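> Using the hints provided, position chain X relative to the given structure of chain Y.
Here the protein sequences come in this chain order: Y and X.
For the first sequence, counting from 1, position 255 maps to 255 in the numbering used here; every step adds exactly one.
For the second sequence, counting from 1, position 74 maps to 74 in the numbering used here; every step adds exactly one.
The hints are simulated quantities; they were obtained by calculation from the structure and are not laboratory data.
Quick caveat, the model's predicted, so the values are computed rather than measured.
Some hints could be false.
[Claimed, not checked] To list a few chain Y residues with every Cβ distance to chain X over 12 Å, as calculated: (1) Y93; (2) N116; (3) S119; (4) E133; (5) V163; (6) F172; (7) Y224; (8) W271; (9) F272.
[Unchecked claim] Below, computed lysine-lysine pairings styled on DSSO-like, alpha-carbon distance capped at 30 Å: (10) Y:K30 to X:K231; (11) X:K253 to X:K231; (12) X:K170 to Y:K30.
Glycine residues also receive a C-beta, built at the ideal position from the N, C-alpha and C atoms.
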Amino acid sequence: MMNMIAPDQGKAEIDVSHAAGYLGSPVFIKATHSWGGRAEMAAADLGATLRLWPLVWTLSLLDIRLRYRGSLLGPFWLTLSTAVMVGSIGFLYSRLFHSNIAAYLPFLSISLVLWNFISTITAEGCICFTQSESMIRAMRMPLTLHAARVVVRNVLVLAHNIVVIVIVFAMFRTVPSLASFSVVPACALWLIDAMAVSLMLGVFGSRFRDIPPIIGSIVQIAFYLTPVMWSPAMLAHRGMGVVLVKWNPFFSLLEIIRGPLLGHSLETGTWFIALGYSVLLLALASFVFMRARARIAYWI
Amino acid sequence: MANLVVNGVCVSFPLYHGESRSLKKTVFAAASGRLGEDRKHRLVVEALRNVSFSLHSGDRLGFIGSNGAGKTTLLRAMAGIYEPVGGEIVIDGVVTALLDPGQGMNMDLTGYENIRLRGLFNGLSDLQIKQLQSDVADFAGLDQFLALPVRTYSSGMIVRLGFALATAIKPQILLMDEWILAGDASFLDKARNRLETMVRGAEILVLSSHSADIIMQWCNRVIWMDRGEIKADGPPEEVLSAYLSPEQFEQAKASAAVVA
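Only chain Y is shown next, with the shape it has when bound in the complex (with noise of 0.2 Å):
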């Protein structure tokens, strides 16, 4: 037992001096308006993050746990809740459709559960900075770990979701293509994408508080305009399909999951479509990101 008055004599702390260089070592903060300057910067951010992983991880772990501690079912409630949306819509809508229930529905069981990351992506990724204000202003970290944190956290109720999509297949014995291996850089492209779309909007969200309801309803029209719930062969002998269908860049992402899923041949572009607009939405993300880095915390 130690003594009371003096409980570190001789006692070994735990040393972190090799856990140091994760913000780099010795760390210089220099104000910078060079933009060479601010890559440095934002890409030494970005490097803590990816060191930091193990974090990233558990706090994205901890923030499911946190919603549901105490709860009977706890994460399952994000399977359940899901599989009684699309079982219900599904049933409805391929009524009001005329369409055949064992084809929409492991469409709609697709549809809806990566539109359920993307509106999710959005809404918490405006938030991303400001609901870590604490963490923030208690000490340095790397910004871009509150962002990867939301996307992290997303894939994970994502992955809870993903049950019912599994499920759904097995009832209608709906059996992906061989094509379905480009499933893989696909997931990929959206990690991507969603890591620029929360950093980027975390920015405008701290600097802007109007941002938050301003997305969630961009989100909402974009949902009705984008073949979520509605297939895109309904207004292939419309003239409008082209514009709502061919450059809806929620259409051309959503697409290279779902196509290749559900049997489809991918129309030829729908992968250029998809790639373009992200190269344009990282683009944009570094410029923010770089430009507003140093002063997020001012502005939380």
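Showing chain X alone in chain Y's frame:
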């Protein structure tokens, strides 16, 4: 070896959410005389103006100054939280900043979970995190509470947890705001003891306080901040005698001598 260099640092806070510029201008100008405009003619409060000093191992620096003199802002800038708009800061060594009692802890998580997060932040292994948890539990004396959410703690308990956490992972540079001195007497003794061991290990301590006797006991160098600028920098006796009235200075000296 730890070093901390602050070179020509300027920090200003933008004032975005205002309706009447002229009214605000008058009010703030009267209050502090520190209102400025940045390059784009936005209204800013200049919290720090051209602050320079450097610290080396063994330095125990105290900040004094009236409310709003820029002490806490300077601590935040030294911790790398507020990046300066001018000048540069070089931090060589592991920094821990005890700036507010919450310490960035998630109030809904338990004490143990918060300790684990801090351990991960410092790149500790699972084994070291276990060690950290037991170390913090011993020092803070909160054993059964650590399994409960932090929001159920009293403010004194949060201070103890925050302090134990910050010092258990052996920072080379410790930045402290005065709130830590709000603990009860027996805890203050323990805290002093722990800090002394730490500082003896040739590390850097930076303390901001309104209490002259605390500064006298703990510091070997004092910087007097006034309106965002350094007004005086030197040994405690010298700076404090200029800062305080003669009676206050004698009083502080006497009470510091009693504790020492």
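> Measure nothing beyond the straight line between the CA atoms of X:K253 and X:K231; if it is 30 Å or shorter, mark the hint as holding.
Distance of about 21 Å is within 30 Å: holds.
> In terms of Cβ atoms, is chain X entirely out of 12 Å range of Y:E133?
The assertion about Y:E133 is violated, with a minimum of 9 Å to chain X.
> Does Y:N116 really sit off the interface, with its C-beta more than 12 Å from all C-beta atoms of chain X?
holds, 24 Å
> Measure nothing beyond the straight line between the CA atoms of X:K170 and Y:K30; if it is 30 Å or shorter, mark the hint as holding.
Given that 30 Å is the threshold and the Cα spacing comes to 26 Å, the pair holds.
> Would you assess whether Y:S119, listed as outside the interface, keeps its beta-carbon beyond 12 Å of every beta-carbon in chain X?
holds, 24 Å
> Is the Cβ of Y:F272 more than 12 Å away from each Cβ in chain X?
holds, 39 Å
> Please work out if Y:K30 and X:K231 have their alpha carbons no farther apart than 30 Å.
With a Cα-Cα distance of about 24 Å, the restraint between Y:K30 and X:K231 holds, given a limit of 30 Å.
> Verify this label for me: Y:Y93 is non-interface relative to chain X, using a Cβ-Cβ cutoff of 12 Å.
holds, 38 Å
> Going by Cβ atoms, does Y:W271 stay more than 12 Å from chain X at every point?
Y:W271 is indeed farther than 12 Å from all Cβ atoms of chain X, at 38 Å.
> Determine whether the non-interface label on Y:F172 survives the test: each CB of chain X must be over 12 Å from its CB.
holds, 41 Å
> Beyond 12 Å on every Cβ pair: is that true for Y:Y224 relative to chain X?
holds, 34 Å
> Could you let me know if the closest chain X CB is still more than 12 Å away from the CB of Y:V163?
holds, 27 Å
In the structure shown, a violation is registered for the earlier hint numbered 4 alone.
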